[in-house]
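> From just these sequences and the hints, can you work out the full model?
2 protein chains.
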Amino acid sequence: MPQNIYDNPEFFAGYSQFLRSREGLAGAPEWPTLRSMLPPMTGLRVLDLGCGFGAFARWASEMGAAHVLGVDLSEKMLAQARSQTPDPNIAYRLGDIERLDLPDAAFDLVYSSLALHYIKNFGRMCATIRRLLTPGGHFVFSVEHPIYTAPRNPGWQTDPTDATIWPLNDYLREGPRVTEWITPGVVKQHRTIATYVDSLLDQGFRLTRLEEWGPSPEQIAEHPDWANEVHRPPFLLIGARL
Amino acid sequence: MPQNIYDNPEFFAGYSQFLRSREGLAGAPEWPTLRSMLPPMTGLRVLDLGCGFGAFARWASEMGAAHVLGVDLSEKMLAQARSQTPDPNIAYRLGDIERLDLPDAAFDLVYSSLALHYIKNFGRMCATIRRLLTPGGHFVFSVEHPIYTAPRNPGWQTDPTDATIWPLNDYLREGPRVTEWITPGVVKQHRTIATYVDSLLDQGFRLTRLEEWGPSPEQIAEHPDWANEVHRPPFLLIGARL
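For the protein sequence lines, the chains are Z and L, in the order given. Taking my numbering, the leading residue of the first sequence gets 1, the next gets one more, and so forth. Taking my numbering, the leading residue of the second sequence gets 1001, the next gets one more, and so forth.
Source of the hints: derived by calculation from the structure; they are not laboratory data. Each hint should be verified, as a subset may be incorrect.
Partner residues are not named here, just some residues of chain L that face chain Z (Cβ under 10 Å, in silico) [said to hold, decoys possible]:
hint: 1; residue: 1147
hint: 2; residue: 1153
hint: 3; residue: 1186
hint: 4; residue: 1193
hint: 5; residue: 1215
hint: 6; residue: 1228
hint: 7; residue: 1229
FRET-style restraints, in silico, Cβ to Cβ [claimed, not checked]:
hint: 8; chain 1: L; residue 1: 1161; chain 2: Z; residue 2: 19; range: 26 to 32 Å
hint: 9; chain 1: Z; residue 1: 75; chain 2: L; residue 2: 1182; range: 42 to 48 Å
hint: 10; chain 1: L; residue 1: 1105; chain 2: Z; residue 2: 228; range: 33 to 39 Å
hint: 11; chain 1: Z; residue 1: 19; chain 2: L; residue 2: 1226; range: 39 to 45 Å
hint: 12; chain 1: Z; residue 1: 242; chain 2: L; residue 2: 1220; range: 36 to 42 Å
hint: 13; chain 1: Z; residue 1: 62; chain 2: L; residue 2: 1018; range: 56 to 62 Å
The C-beta atom is built at its ideal place from N, Cα and C for all residues, glycine as well.
Written as structure tokens, this is what we have:
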């Protein structure tokens, strides 16, 4: 079982205060971009890896998905998701997304938001997802951007010319990164954009879109503290198809 | 006509001293990776955008290409290329790679090494290359990596913890970057990985490979001064197909 930070009471309390936790998809600034990469939901069988509080599952069901299965390893998040979802089209399952015991070709869309940078072996994940998808099936996901996960000391610095800089290093050294995020000791798995893309291509996926998300000028006007995000994208969004 | 730094005597003299200028493909450490992304040359009609001294054109012809056309805006480089290439399968043309006056569907492979980060409009370039290629044709190229071209002050720094860092900023701000490279005032066009990839997809290309090149441990052992390159990839290599 991988690290389950989300059921740590301190982490859960902190995470629950985030805009995206309180407001769901509307509180996730990258959601409009990610949504634009999704196929029409009507009639789809959808698998959501790392479904958290179930915001996407509810949206997909409202948009006409035939069935949504959300998988997450956090009991607390699933309990809250279940309490908010009296929808017979949605099911939640407690489990490790790296060990999915699900039938072949059972889904038309696999979706994942900001979960896959926790898993160790993305190539194996792609092989599993290929198995779970129907021919022509979609895989759309977001992760923390590799530029964001790479550094030994991730945090803004000011250089000798007074410019704001993101202190990038170890970009090509893939592997775990232990950071403080809400609580100390959070382990993320850094991998390059090339590894994300080529792992998909190696499993027969066709890339349909790649986005390095940063806030729009309108979003920065509304949230001035996001202005630095233009220096390095916080999120990588990828759309792929079998 | 874009900036032609290569015919500046001082730049040309400096550039001519580079390992890759003196030794051709053998002096380009990313060449083995780029070569692995190419289709077999036998019988191909090849267009090389920014052919420089003609090292790739000679290699492609030796490997069985039916015809190679190299285009470059540097008279000095083409003069040297012509003097080294008494090969009837190779032709060189002085010109701007952003204004190619060539017939439709005349090539099976468009290749470009470290030239396309000088052009302003990569989307228009992709549209032109689609027009020049036959169905199923290949487009394989390398550029300076966007992490490399982005910063206002590109150069290694040491952070307060004594870590070597690449001072990344302005990654999401696309456009010209004026740097000192051999001579002052060299203008490169920064664009994101997403723009490179999505411009290809928008023109109907299928991505076949994406590499963020850095030196191998063997290459670092031979060239210890390359060790920092692991902190940020210097080159982005992309393979695509119609």
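> For every hint, state whether the structure bears it out.
Structure-based check of each hint:
1. 1147: It holds, given that the least Cβ distance between residue 1147/L and chain Z is near 7 Å, below 10 Å.
2. 1153: With a closest approach of 6 Å, the residue 1153/L hint holds.
3. 1186: Result: violated, 19 Å to nearest chain Z Cβ.
4. 1193: Holds, because the Cβ-Cβ distance from residue 1193/L to chain Z comes to roughly 6 Å (cut-off 10 Å).
5. 1215: At 9 Å from the nearest chain Z Cβ, residue 1215/L passes the 10 Å test, so the hint holds.
6. 1228: At 9 Å from the nearest chain Z Cβ, residue 1228/L passes the 10 Å test, so the hint holds.
7. 1229: 8 Å, holds
8. 1161/L to 19/Z: 26 to 32 Å: 31 Å, holds
9. 75/Z to 1182/L: 42 to 48 Å: Given range 42 to 48 Å: violated, Cβ gap about 60 Å.
10. 1105/L to 228/Z: 33 to 39 Å: 47 Å, violated
11. 19/Z to 1226/L: 39 to 45 Å: 43 Å, holds
12. 242/Z to 1220/L: 36 to 42 Å: Holds - the Cβ-Cβ distance for residue 242/Z and residue 1220/L, about 38 Å, lies within 36 to 42 Å.
13. 62/Z to 1018/L: 56 to 62 Å: The hinted range 56 to 62 Å holds for residue 62/Z and residue 1018/L, with Cβ atoms some 59 Å apart.
In terms of the numbered hints stated before, the structure departs from hints 3, 9 and 10, listed from lowest to highest.
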